[in-house]
Amino acid sequence: MLKSNQVEEKKYSPEHIQYLKYMKRKNTMVQLSQIALLVLILFLWELSANLNWIDPFFISKPSAIMNLINQFIKDGSLLLHTSISVYEVLMGFVIGTILGTLIAILLWSSEFAAKVLYPYLVVLNALPKIALGPIIIIWAGAGTSGIIVTALSISLIVTIMATFNGFKEVDEEKIKMLQTFGANKFQILQKVVLPATIPTMINTMKINIGMSWVGVIVGEFLVSKAGLGYLIVYGGQVFRLDIVMAGVIVLSIATVIMYKLISILENTLLKWRQ
Amino acid sequence: MENKFVQIKDISKIYHTLDDETEALKNISFDVDRGEILSIVGPSGCGKSTILSIIAGLIKPSSGEVFINNKRIEDMNKNIGYMFQSDHLFPWRTIMENVLIGLEIQKKLDKENVDRVTKLLNTYGLKDFKNHYPSQLSGGMKQRVALIRTLAIEPQLLLLDEPFSALDYQSRLAVSNDISAILKKEKKTAIMVTHDIAEAISMSDRVLVLSKRPAIVKTIYEIELTCSDRKNTPLKRREAPEFRHYFNKIWKELDIHVEE
Numbered sequence: 001m002l003k004s005n006q007v008e009e010k011k012y013s014p015e016h017i018q019y020l021k022y023m024k025r026k027n028t029m030v031q032l033s034q035i036a037l038l039v040l041i042l043f044l045w046e047l048s049a050n051l052n053w054i055d056p057f058f059i060s061k062p063s064a065i066m067n068l069i070n071q072f073i074k075d076g077s078l079l080l081h082t083s084i085s086v087y088e089v090l091m092g093f094v095i096g097t098i099l100g101t102l103i104a105i106l107l108w109s110s111e112f113a114a115k116v117l118y119p120y121l122v123v124l125n126a127l128p129k130i131a132l133g134p135i136i137i138i139w140a141g142a143g144t145s146g147i148i149v150t151a152l153s154i155s156l157i158v159t160i161m162a163t164f165n166g167f168k169e170v171d172e173e174k175i176k177m178l179q180t181f182g183a184n185k186f187q188i189l190q191k192v193v194l195p196a197t198i199p200t201m202i203n204t205m206k207i208n209i210g211m212s213w214v215g216v217i218v219g220e221f222l223v224s225k226a227g228l229g230y231l232i233v234y235g236g237q238v239f240r241l242d243i244v245m246a247g248v249i250v251l252s253i254a255t256v257i258m259y260k261l262i263s264i265l266e267n268t269l270l271k272w273r274q
Numbered sequence: 001m002e003n004k005f006v007q008i009k010d011i012s013k014i015y016h017t018l019d020d021e022t023e024a025l026k027n028i029s030f031d032v033d034r035g036e037i038l039s040i041v042g043p044s045g046c047g048k049s050t051i052l053s054i055i056a057g058l059i060k061p062s063s064g065e066v067f068i069n070n071k072r073i074e075d076m077n078k079n080i081g082y083m084f085q086s087d088h089l090f091p092w093r094t095i096m097e098n099v100l101i102g103l104e105i106q107k108k109l110d111k112e113n114v115d116r117v118t119k120l121l122n123t124y125g126l127k128d129f130k131n132h133y134p135s136q137l138s139g140g141m142k143q144r145v146a147l148i149r150t151l152a153i154e155p156q157l158l159l160l161d162e163p164f165s166a167l168d169y170q171s172r173l174a175v176s177n178d179i180s181a182i183l184k185k186e187k188k189t190a191i192m193v194t195h196d197i198a199e200a201i202s203m204s205d206r207v208l209v210l211s212k213r214p215a216i217v218k219t220i221y222e223i224e225l226t227c228s229d230r231k232n233t234p235l236k237r238r239e240a241p242e243f244r245h246y247f248n249k250i251w252k253e254l255d256i257h258v259e260e
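If you read the protein sequences in the order shown, they are chains A and B. Heads up: the first sequence at position 17 corresponds to 17 in my numbering, and the numbers run straight through without jumps. Heads up: the second sequence at position 206 corresponds to 206 in my numbering, and the numbers run straight through without jumps.
In isolation and in its complexed conformation, chain B is listed as follows (with noise of 0.2 Å):
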């Protein structure tokens, strides 16, 4: 247990208003594997997002712990990559600027960094657009710039929070195949939150199933797709014949929280 490199440990969170309580989170245990993409699945409201707020840090657990790499998540953790589902790219600074914010604030903003930042724009088909501004590109390629900034960092560790359902259907297929491909030759480990469960299994090693609110984990299936070889693009792994099977397993689940 203790070589897991990401370990959540009995986290539940209440939210505080002043009219009542929340309890969004109940008990909630997993780990993540070095190199791991493990994908969060729940219904709508069920907290999906809070867990990803706790791992990095921005808000406390009202109880229980979160390891990286052994350490105690206390505070903002510096190593940790967070992708949102809109880019948040600053309209007033050109895409360099933009993937160089990271490095500007935590003040390592060395020759040697740009030019691994650069190396990085330029392998993913941004090289003629780092004096552009923002609002000059397609929505693709912005998601692709704002994983650029998270990657600039070199984290450890990559939160992404629904980070393709601000694209629309055709957009989504071609930059999940793009930044799974990124994830992958990078060598990242990823916990992402999604609503969409064919996203979820076509991009990752688990899909960890939440209940509705207060969320508790419902199941985690290992996907294990019969093409599933770690150099397969999610589109191709949407075609493989277990894939149908864990949807639907997968889509019972969340049915019968709907109902209920």
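Bound conformation, chain A alone (with noise of 0.2 Å):
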């Protein structure tokens, strides 16, 4: 706080104040260009598709995509799958983060533990579990309840994995520290391991919402009834490209607010760092 009140009480020299303004306007064209490429593929896509220079029954056309996304919206069909979907991935998601972190820490508590399974978890971590797929809905179920399995095997291993590995990482002499305290083993967790370990966590939340995505998606290819993933197949299925488009991009708009909401919750938490 004291630091930000020094800046703004000082009187910058005209050259910084030109930086500045260099800095602003080059952040400023970034953006700018940022929102004129999109812009640019839109009407491109658009344009080619009204002069028949590609054929929108393959590729569709940005105004089609809209009108539908539009109708979606109006009759509610929109709202249900997203839903559905958001639903599904924030299950997985939430229990894959939740379930692998006290899995790490068992692993942790416990070296014996830790060198027994160690190499269980290598294979499962290498195994790509959309292989699993069929047999999970076969034991969960061909429903919601298999579709958030499907998210979770895919969350589960690389949460523990790296979290484990985050643990381990913490130096030994901070330890040491809090042990000349007579700290105990779960004070060493929730004084310094976990604590320490928050940058690490952040980092697999973010890469366990997209793989959170992926197992929805797939469990939703193999059996729902509903959800951005059935919407996709089914758009696929019976050539309708623009429901196809319209659910991809329903779907980056929510992995992408998701995103966001992680990094708002590493802001917040990763103060000190700024």
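Quick caveat, the hints were computed from the structure, so don't treat them as lab data. Warning: the hint list may mix true and false statements.
[Unchecked claim] Below 30 Å or equal to it, Euclidean Cα-Cα: the simulated DSS-like pairs (lysine-lysine) are:
(1) A/K174 with B/K185
(2) B/K127 with A/K11
(3) B/K119 with A/K176
(4) B/K9 with A/K176
(5) A/K174 with B/K108
(6) A/K174 with B/K236
(7) B/K236 with B/K184
(8) A/K191 with B/K60
(9) B/K60 with A/K271
(10) B/K111 with A/K185
(11) A/K176 with B/K252
(12) A/K185 with B/K252
(13) A/K174 with B/K252
(14) B/K78 with A/K176
(15) B/K218 with B/K252
(16) B/K107 with B/K184
(17) A/K24 with A/K185
(18) A/K174 with B/K107
(19) A/K168 with B/K60
(20) B/K78 with A/K168
(21) A/K271 with B/K108
(22) A/K191 with B/K78
(23) B/K184 with A/K176
(24) A/K191 with B/K9
(25) A/K174 with A/K191
(26) B/K60 with A/K115
(27) B/K4 with A/K176
[Said to hold, decoys possible] Quick look at which bits of chain A chain B covers, simulated, 3 or more residues with Cβ under 8 Å:
(28) 54-61
(29) 167-180
Heads up, the beta-carbon is just placed ideally off N, CA and C, and yes, glycines get one too.
Make one complex out of these two single chains by using the hints.
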């Protein structure tokens, strides 16, 4: 706090003001160009579809997709499909993160268990979990629960491995410092190991949100009757490319929002970094 | 003998790995009076820090005993303050939260203790930095914070493990001045490990010289400087005429063992 006050009070040289202006302008240019690029692509897409340079049947066009999304919004199906998928993703993500962290804590607290279980984790981590999809669907049920378990299977092992490795990287000397105060194992976990691993955990969460989406979409491809993955597969089967595209667009928006939420969490938890 | 504050009796330590065993310490015995500052110097890797870890109860000696206040050290002793080479401040805690961590762990976080720690911070020039994060402080200040964190639990005995070696030369002189002043003002007993002979002589009442591994106690020098009234700062003590004399003696003693 004190620092920012000092900055405000300070009088800058004209050269520095010039520099700040220049940097601000540069930043604005980047953002404008990003928007311009998107507009250009959409425009060219629309144009080439209208002039029949490309076949709108296979590639659809932005205006058709927008119309469809509008229509989906009006009849409520967009909300239905999106909310189902988001629910499944959040369940997979939250359970994966909590369960993964708990298992990592158990491995950390027992060196013996960690040594015994590590090779199994490595194998499970290397295994393409998508291959387990059909088995999971059979075991966990062909519905929301099966889809959540599919998402969970993808994110869980990654969470365990990343978090456990994060725990092990905590400076031994810092732990020793707490021990000189007489800290027990739980206090060491609470006061140094967990806080020191938060940056790692946030990074894992960023990866996991994507992983959970992969799991959910795959699960929905396999079994579901609703959800964005279902929408995309259905659109593909009936050759309605506008449905597929609409599904993909809504999907990317949902992913970006979730990613942003984690960034906000990161900024709140890691205030000390600034 | 029985009324010595710290007694180290015939300590030996062997480190084991799958490939080999290493004898680090061999029959180390010495003692420290209340209010005294004792420095331990020795060639690098001779097991200086091991002695501190054993006194703190962090590791067990292969044989021998440590008594503090006539009490045998079996396990981690909560009444010992340990100060490390680097400050080990937690970057996610403010300075105030950092210095309170020991009290927090020992569940002694009451108003009286917090006030006492606040006073320590105020006295030692950290008044305006309580709510800062460690990354906003200089190396010397961080080391001072680390000492206050150690003092916060009111330890009977302070163990300083090369507390200044992570600092640059100027800060090192300044901080050793500060810390020695703090130790004297708070009337603390301290055992300091260092590889800096000048630092050892200027800061302590006695200097213990270890041999190379397996370390035995080579000599213990009683440091008596003509200006030596306990109020003198380490910097002043460096100007005493006997300073060079002690320095050369200890340096020679260490050197012989490097050549061996």
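Of the numbered hints stated earlier in the document, which are not met by this structure?
The structure breaks hints 6, 9, 11, 12, 13, 17, 24 and 28; every other hint is satisfied.
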